[in-house]
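*Asks:* Take a look at the letters that make up each chain.
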Amino acid sequence: AQSVTQLGSHVSVSEGALVLLRCNYSSSVPPYLFWYVQYPNQGLQLLLKYTSAATLVKGINGFEAEFKKSETSFHLTKPSAHMSDAAEYFCAVSENSGYSTLTFGKGTMLLVSP
Amino acid sequence: EAGVAQSPRYKIIEKRQSVAFWCNPISGHATLYWYQQILGQGPKLLIQFQNNGVVDDSQLPKDRFSAERLKGVDSTLKIQPAKLEDSAVYLCASSQLIRGSGTDTQYFGPGTRLTVL
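Just so you know, the protein sequences line up as chains A and E, in that order.
FYI, our numbering numbers position 10 of the first sequence as 823, with every residue one higher than the one before it.
FYI, our numbering numbers position 115 of the second sequence as 125, with every residue one higher than the one before it.
No lab work stands behind these hints, which were simulated from the structure alone.
Beta carbons are placed, not taken as given, at the ideal position from N, Cα and C, and that holds for glycine.
A few of these clues could be false.
Pairwise CB distance ranges, derived in the manner of DEER restraints [as the list claims (entries may be wrong)]:
1. D66/E <-> M922/A: 27 to 35 Å
2. H823/A <-> R19/E: 21 to 29 Å
3. L833/A <-> V64/E: 34 to 42 Å
4. H823/A <-> D66/E: 44 to 52 Å
5. W32/E <-> G875/A: 41 to 49 Å
6. E828/A <-> Q27/E: 41 to 49 Å
With the C-beta cut set under 10 Å, the calculated list includes, among others, these residues of chain E facing chain A [as the list claims (entries may be wrong)]:
7. G13
8. V14
9. Q16
10. S17
11. A40
12. Q47
13. Q51
14. G112
15. D114
16. G119
17. G121
Here chain A stands alone, though its shape is the one from the complex (with noise of 0.2 Å):
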């Protein structure tokens, strides 16, 4: 079964300070992973999905991150924070090709400090 673990429930950076978001996994098979955004109050907007291409990937608003197969490892980055950046972020796994089943973790807020 997939499953999807978060480190820190809560993620404090300053403006221009390196956002890094800590996402594992686990699937019985070749996995497609998923980031998340959420700001109040409305729904989920995708930030960037994996899908067995390149192993870094570039999504948008400048996140971007690295699927490390031996290390069970999604983790989202960006180089310097804006304060526009504070909401939380949800990490997703499907097995599935074609149609997705997504599980999510619990998600990581991070709050941005000027």
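Place chain E on chain A using the hints.
*Replies:* Quick look at chain E alone, frame taken from chain A:
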């Protein structure tokens, strides 16, 4: 392109009452998903439709939850009777598989926040 629409945005009911949520997916999207997001947790899939057929409803509490997608477009999720533990945000998502993309991308609506008193 219009996104996934959901209504109502907020609903407050008392336990044992019934409630219904509505979702209109992105035009042309064949697959529709309903998720439950309890405070402090990630979304959990309740049911997945492909056109107007159910693909996966293994996590839907069928004694009180029901969902339908008539004509393969709009969908309704119903809870009857509601319990306190049903307080959550109910998210609807839709997707369309693009050939060669490996897997679909789900687009989420803003959700309906349900409070059961």
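*Asks:* Taking the hints in turn, state whether each one holds.
*Replies:* Tested hints:
1. Range check, D66/E to M922/A: Cβ separation about 29 Å, and the 27 to 35 Å hint holds.
2. Range check, H823/A to R19/E: Cβ separation about 26 Å, and the 21 to 29 Å hint holds.
3. Range check, L833/A to V64/E: Cβ separation about 40 Å, and the 34 to 42 Å hint holds.
4. Distance hint check: the CB atoms of H823/A and D66/E are about 32 Å apart, inconsistent with the given range 44 to 52 Å.
5. Taking the beta carbon of each, W32/E and G875/A are about 36 Å apart, not inside 41 to 49 Å as hinted.
6. Between E828/A and Q27/E the Cβ separation comes to about 46 Å, which falls inside the hinted range of 41 to 49 Å.
7. A cut of 10 Å between beta carbons decides the hint on G13/E: the least distance to chain A is about 8 Å, and the hint holds.
8. For V14/E, the shortest C-beta to C-beta distance to chain A is roughly 7 Å, which falls under 10 Å, so the interface hint holds.
9. Taken as an interface hint, Q16/E checks out: its beta carbon lies about 8 Å from the nearest beta carbon of chain A, inside 10 Å.
10. Checking S17/E against chain A by beta carbon gives a least distance of about 13 Å; that is not within 10 Å, so the hint is violated.
11. A cut of 10 Å between beta carbons decides the hint on A40/E: the least distance to chain A is about 8 Å, and the hint holds.
12. Because the closest C-beta pair between Q47/E and chain A is about 9 Å apart, less than 10 Å, the hint holds.
13. Annotation: Q51/E was flagged as interfacial toward chain A, and the flag holds, the nearest CB pair being 6 Å apart, inside 10 Å.
14. Here the hint on G112/E is kept, as its CB sits about 4 Å from the closest CB of chain A, short of 10 Å.
15. For D114/E, the interface hint holds, the least distance from its beta-carbon to any beta-carbon of chain A being 5 Å, beneath 10 Å.
16. For G119/E, the interface hint holds, the least distance from its beta-carbon to any beta-carbon of chain A being 5 Å, beneath 10 Å.
17. For G121/E, the suggested interface contact is upheld, since its CB lies about 6 Å from the closest CB of chain A, less than 10 Å.
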